[in-house]
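*Asks:* Residues per chain are reported as follows:
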Amino acid sequence: MSRGRTILKEKRFSLTLERLSHQIIENYSDFDNVCVIGIQERGVLLAERLVELIKKNAKLKSLIFGKIDITFYRDDFRSRTTPLKASNTELEFSLDGKNVILIDDVLYTGRSVHAAMSALQDHGRADTIELLCLVDRRFNRHLPIKADYVGITVDSLDEAYVKVEWEHIDGKDKVLLFTPKREDI
Amino acid sequence: MTKQQELSTKHLLGIKYITASDINLIFDTAINFKEVINRPIKKVPSLRDVTIANLFFENSTRTKLSFELAEKRLSADVVNFSSSSSSVKKGETLLDTVNNILSMKVDMVVMRHPAPGAHFFLSNHIDANIINAGDGTHEHPTQALLDAFSMKERLGSLNNKNILIVGDIMHSRVALSNIFCLQKLGAKVKVCGPPTLIPKNLPSLGVEVEYDVNKALQWCDVANVLRIQLERQEIKYIPTLREYSQYYGISKQMLDSLDKEIVLMHPGPINRGVELSSDAADSHHSIILDQVENGVAIRMAVLYLLAAKRGVNKSEN
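In the order they appear, the protein sequences are chains X and D. Just so we're aligned, residue 1 is where the first sequence starts under my numbering, counting upward by one. Just so we're aligned, residue 1 is where the second sequence starts under my numbering, counting upward by one.
Everything labelled a hint here was simulated from the structure, so no lab data went into it. Computed from a predicted structure; not experimentally measured. Note that CB positions come from ideal geometry on N, CA and C, so glycine has one too. Errors might be hidden in some of the hints.
Claimed, not checked - Selected chain D positions facing chain X (Cβ under 7 Å, derived; list incomplete): (1) Thr9; (2) Asn32; (3) Ile37; (4) Val44; (5) Ser46; (6) Asp49; (7) Pro194; (8) Glu243.
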């Protein structure tokens, strides 16, 4: 695997987040029934950032925010490629009648989102669920799942790998694309 | 990210055969399952493709119920078997019974058996994952895990904590599993009970013995009180239950007269008025019902982590 190539950074990274927050505000006139839920673990980091932006841009005092862990809902938990160890689910509210904005950093095969939707069902019947992702790897889907809000779209091989890094954890906000060397394919 | 991600073993035969990091992995996973079982919908689909047989060759109420709930909350298919209504009475051997059940495509076996080591024997002959739900007077690993988990919830860490086990140490598989588990987590263990019910070789496990229950209570942070197992005593080890109760029974008054707060535990079933007085069992010291709740979460964690091993072995073949 080659070294990662930065495909989104600094100014454009924050502009993209700003745009996503405005798209959500544009779509919802009233946030009383809206909740933002991040998928553990990397989706939560994006969700936290977006919640702050939405609150700032829409001048909201509060916005319902939760974290969902999907480890126990994965259909591939014995394949060793996905972590066995769970993170916390923090949903202190029922989803009955809510408009959920589900957030993950990278949309790849769609399996995580599929698992997340099964997990959400166990917390009540949401009115609607929308999906937001920062990076959409649009040609790598295994399931018929599509995001409603997309930061950037990446056309990449199955062997490639996309990583979103965050300032308060990894030092800088950026999206990296790792592509395999020609001889690895 | 360097934290252990899977168990080092394919079966849970006893605490003796697992490591401290296995125990911590089970605890970490149990915390997540405890959140699951407190939801309105208490079920996750993790083990939907797994069939589990509960083989109880010895009576059990809460352990069997707790395992069955854990299995169902993981969406596993469950079959139950108890020896009182089976061909064991007709003279079938253990291996034949189990192989017959496994031919019906069962993936995991939860077993309680009166013979110590029955699970060890079985693990050499069958492919399914085996979980020991008690083997005679030997081990009862999930009970020890849930006891230690409940203690950890109260105390934060078990390192250098003083844990007292009171009662029939000789016949108790809970005592032995507790000793192994607590020592692996860094706790100091002392036992207290009538000399006839204390095995002679306990000091070789690094366990101290105290015969005065008041002194022992003063020493400890947690007292785990066991039942006198009259059904396992072929000869009389104590003159009467009344005498036992007078010398080793714990009352609320004894707990209140200590100059510190201790945590009181009991694996059940309690004989009220023998090892514990009613007011002690129902006092604020007692976390007996927390233990029962944690039992389901711990068993879910064990089943989930062992089921994951099953998949790994399959892909290696």
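*Asks:* Give a verdict on every hint.
*Replies:* Right, here's what the structure says about each hint:
1. Thr9: 14 Å, violated
2. Asn32: 4 Å, holds
3. Ile37: Hint violated; D:Ile37 Cβ to chain X Cβ min 12 Å, cut 7 Å.
4. Val44: 4 Å, holds
5. Ser46: Holds. Min distance 5 Å.
6. Asp49: 9 Å, violated
7. Pro194: 44 Å, violated
8. Glu243: Where the cut-off is 7 Å and the nearest Cβ of chain X is about 50 Å from D:Glu243, the hint is violated.
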